[in-house]
Amino acid sequence: MSARTVPVRQAAVELLSVSKIHGRDAGAIRALDDVSLTFDSGTFTAVMGPSGSGKSTLLHCAAGLDKPTSGTVRIDGEDLSRYDEAGLTRLRRDRIGFVFQTFNLLQTLTVRQNVTLPLELAGRRPRRSDVDALLARLGIEERADHLPGELSGGQQQRVAFARAVLAEPAVIFADEPTGALDTNAARDVLHLLRSAVKENGRTIVMVTHDPNAASYADSVIFLADGRIVDTLARPSAEAVAAHMTRLGEGVR
Amino acid sequence: MTTSTTAIRTRNTRPTNALLLMALRSLRARPATQLAAGLVLLIGSALLTALAALLETGLAASGKDRTLLIRLPAILGGWSLLIVTFGVVSTVSLVVRQRERETALLRTIAASPRQVQILTLVEVIATALPAALAGLVPGVLLGRLLLSRLSAAHAVKSVSALDDGWLTVTVGAGVALTAAVAGAMLAGRRAGQVPPVAALSASAGVDTAGKALTRAKVVTGGVITLLGLGTGMSTLAQENGPLLSSTAGPAGVAVAVGLALLAPAAATAGGGGLARSRSVVMRLAGRTLKTRARQQGSLIAPLTLLIGVGSGTLAMQRIEDSQPATDGPHLATVNYLIVLAIVGFAVVAASNTLVAATRARGHDFKLLVLTGATRRQILAVVGTEALITTVIAAILGGVATAVTVLPFSVVRTGTLIPAQAGPLFVLLVAVALAITILASVPTAVRQIRATATQ
Ligand SMILES: Nc1ncnc2c1ncn2[C@@H]1O[C@H](COP(=O)(O)OP(=O)(O)OP(=O)(O)O)[C@@H](O)[C@H]1O
Ligand SMILES: [Mg+2]
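Heads up: the protein sequence lines correspond to chains A and B, in order. Here the first sequence stands for residues 1 to 252, where the numbers follow my numbering. Here the second sequence stands for residues 1001 to 1454, where the numbers follow my numbering.
Misleading hints may appear alongside valid ones.
Derived lysine-lysine pairs resembling BS3-like cross-links, with alpha carbons at most 30 Å apart [said to hold, decoys possible]:
#1 B:Lys1157 / A:Lys67
#2 B:Lys1217 / A:Lys67
#3 B:Lys1217 / B:Lys1064
#4 B:Lys1217 / B:Lys1157
#5 B:Lys1217 / B:Lys1290
Hints are computed from structural coordinates only; laboratory data are not their basis. Being a predicted model, the structure only gives us computed values, none of them experimental.
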């Protein structure tokens, strides 16, 4: 599967009128308010918005980690509401990869074991040489037998990325993947994400607060109060920052 | 750096292999926790082994020896069973719960609820099996000691050697192991239901989610408490004789276990009361108690058991010792050993919970420092929490003690409140307070110090 063989854009993830209400009664918060959108296959989308605007909630619902209160989520055309927990687990294993800000890796397993875990739990053992080749491309082959605690934040994030791409998922979700990294490490990870999309036709949805990180994406979606308020194609860091400033004023 | 790649080649494997690897790794990574849990199991297994060996010896004997050697373990066995089961199940669930975040991460990336259950089971058995087997050795030694005490007191005449065969092994190690497996299945089911998003929320680790008390716990706790109260009342109807402790002892144990199960409710109530206090330290402590009622419950529970069963059993034994010419002395060693086992369990379980809970709050402490709380204030809050926890456990444990001691004393000596009970109760409350303070304050000091150097 590569970008060249997919001339017609297909929807990797679709959300149809998705709403999510956290809590109930007096404490209820409408974190997503009737959101409809499509992430096309082979695209890199950034999701931005003020803190509390519902970015993480959007990601969790889109990835089947959390159930929307109403609306439909489809991954690769499959309606998530038709799956039970075990089914969702299988779907996550086969079609979805995750990279999060922190707490990404199991601290008791080595880098290699972390990377192959999802596949092994699915009953498939990847060839060692393939895994090593992937780690080598990410520049962490020498750390393959180390524990995550012995790696830098940027290296850990690359391990998480290796784990996410190994099963060749339909879509990779990343929630502030560079949030805990310094500028250089962040740049490496962002290059990695972008080349996965450009060269391998992967689909990536990334939540971020950083206009510079968002500028690596093909397009940016802006959320405020649980609604999509704006989108920006081929974003530059300056344009994104300007948008964010306006959003901040609009909210106040 | 590019990721261009040909497809990853895989061959089929059994997911169990990955689960086994993970289980072994995580056991190795937490030696202290495993050791603590193993110790609880070992003590339990030893206690039951000793009693089973006496029973097996009794079954092989004849005449009066047979009657005594069957009756004695039958009386003590019931409540030892209850304590060991409770101790093992709650320790196992504690160990599993401490890894909630890791479980959630597993669920996010790959593992089905079933796989999480299997993982839990494998991990528990890996610790429980060696511990339960290891308990056989001290158990048999303990059985021999008990038998020699009985012979020395001329209660047992013709039996000289302990008959420790299959029954002993099966009951001793088997019961402890079964309790551990049952605990693992319960805890594993819960762990499988941990929502994956729990791995991702910023404040995870300070787990406030989940109900403080499940309906099953309320019902079980309520029923066991009522059974205990009923048994306690029935002591009053007994005639003054050697069998008196056979209802008084279990009554207190049942009440202690029942109330221990209901402990989260007590934490909520106590915390709610304090949250209205004038002192800021009291208010902070009260709020923590209330929002973390579930964890506080698993802390109050072993302390309740310690105070309730400990002071109840010891007071009963002291009264017995002070009485002329009864069967008492035969049971003395056993009773003291049971108390020792309970103290061991309570120390291990309570400090395990507390150290982990205090450590998980490092982030909170840091925030408190940043928002202007002094070091002294934080330590005062932690100390106050320890004090309140102990007070709640003392109240619950006090009820259990009363259920054991009061009816027993009325029938045996004719007085309602025996002189022996007060000091013993105070002593055990002091032990409980020492455990809570020693397990929490030094940990908090270390946390704050780590914050200061960052
Ligand atoms: N489990 C929950 N229970 C109750 N409310 C929640 C829960 N999770 C999120 N919320 C609320 O839903 C809203 C959206 O939260 P969300 O985490 O999606 O925001 P976000 O855009 O990711 O913010 P940030 O940039 O700060 O990470 C917030 O108001 C938040 O308080
Ligand atoms: Mg977020």
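Now for the hints, and whether the structure bears them out:
1. As the CA atoms of B:Lys1157 and A:Lys67 are separated by approximately 71 Å, the hinted pair breaks the 30 Å bound.
2. For the given pair, B:Lys1217 sits about 28 Å from A:Lys67 by alpha-carbon distance, which is consistent with the 30 Å threshold.
3. Distance check on the hinted pair: B:Lys1217 and B:Lys1064 sit about 43 Å apart at the alpha-carbon level, beyond 30 Å; violated.
4. Pair hint B:Lys1217 plus B:Lys1157 does not hold up; C-alpha atoms about 46 Å apart against a cutoff of 30 Å.
5. Distance hint between B:Lys1217 and B:Lys1290 is fulfilled; the C-alpha atoms sit about 18 Å from each other, no more than 30 Å.
When the structure is compared with the earlier hints, violations turn up for hints 1, 3 and 4 and for no others.
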